[in-house]
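Construct the entire structure; sequences and hints are all you get.
If you count the sequence shown from 1, position 115 lands on 115 in the UniProt record's numbering, and the numbers rise without skipping.
Hints are not guaranteed to be accurate.
Below, a list of computed lysine to any residue pairs in the SDA-like style, where the Cα atoms sit at most 20 Å apart [unchecked claim]: (1) LYS98 to ALA62; (2) LYS184 to MET156; (3) LYS161 to PRO75; (4) LYS98 to PRO75; (5) LYS197 to ILE144; (6) LYS98 to GLU47; (7) LYS43 to HIS65; (8) LYS11 to ASP135; (9) LYS105 to SER133; (10) LYS105 to ASP91; (11) LYS43 to ALA102; (12) LYS161 to PRO137; (13) LYS98 to PRO137; (14) LYS197 to LYS105; (15) LYS184 to ASP135; (16) LYS43 to ASP186; (17) LYS11 to GLU154; (18) LYS11 to ILE202; (19) LYS98 to ARG146; (20) LYS184 to CYS152; (21) LYS161 to LEU182; (22) LYS11 to ASN128; (23) LYS105 to ASP176.
So the derived label-pair ranges between C-beta atoms look like this [stated by the list, open to error]: (24) ARG189 to VAL34: 16 to 26 Å; (25) ARG87 to GLN21: 19 to 29 Å; (26) GLY200 to ILE23: 34 to 44 Å; (27) GLY57 to TYR37: 26 to 36 Å; (28) THR5 to ARG87: 14 to 24 Å; (29) GLU154 to VAL25: 35 to 45 Å; (30) GLN169 to THR5: 34 to 44 Å.
For the record, the hints were derived by calculation from the structure and aren't laboratory data. Using N, Cα and C, we set each Cβ at its ideal position, and we do this for glycine too.
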Amino acid sequence: MSPPTIAEIIKDSEVQPELVQRIAVRESQPPLEVHPYNPSWPKIFLEIKQRIIRALGETAVAVHHTGSTSIPGLPAKNIIDIDLVVRDSTDEAEYVQKLESAGFKFLLREPHWHEHRFFYTYQPYAVNLHVWSPDCPEVLRHQIFRQRLLDCPEDMALYLKAKELAAFQIREHGGDMAQYNLLKEDTIRQILRNAFKDLGYIA
1 MSPPTIAEII KDSEVQPELV QRIAVRESQP PLEVHPYNPS WPKIFLEIKQ
51 RIIRALGETA VAVHHTGSTS IPGLPAKNII DIDLVVRDST DEAEYVQKLE
101 SAGFKFLLRE PHWHEHRFFY TYQPYAVNLH VWSPDCPEVL RHQIFRQRLL
151 DCPEDMALYL KAKELAAFQI REHGGDMAQY NLLKEDTIRQ ILRNAFKDLG
201 YIA
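Here it is as structure tokens:
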């Protein structure tokens, strides 16, 4: 595969739940509570990363800590988000059984969205594991977003406000993780646009 173009990186993807291929359902929903930053989160990520690498060997091309728990000082849900890049996310025989043997549950696939696959575990820590192929533009978007929050306190504060408001609305009116993420989507896109402007990707 070739590296993604700028046009591919800046393109927003629309949520299409009707195209999601659900493999299983979560045994329970994790609480949507935003916690103060926990300095142990990076160490927990490293433990999970080693677990993934032991399970997959060379099939694991890259393992990135992403999401709010990867941002020092940012309050977050007590869930470690990970982007796992494998040699080919469509070649499920290469990694699904190995990840399941390592304790990760295969929840869904999204062929329409960069051939995304999603796993999770609650033991011994809550983890959302996203599986992608190399040179996936969404992985780069995650890295750009993370770096923007690290570099820009104003955008970090904006994102925290969106997270807290989304969690409050879910607690008050009900909803699941997908709805929580959707409530943050406009703010995420705004922050990405700010980053893309500074990178010279858009005017």
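Output the numbers, in ascending order, of every earlier hint that fails for this structure.
-> 4, 12, 13, 14, 15, 16, 17, 19, 22
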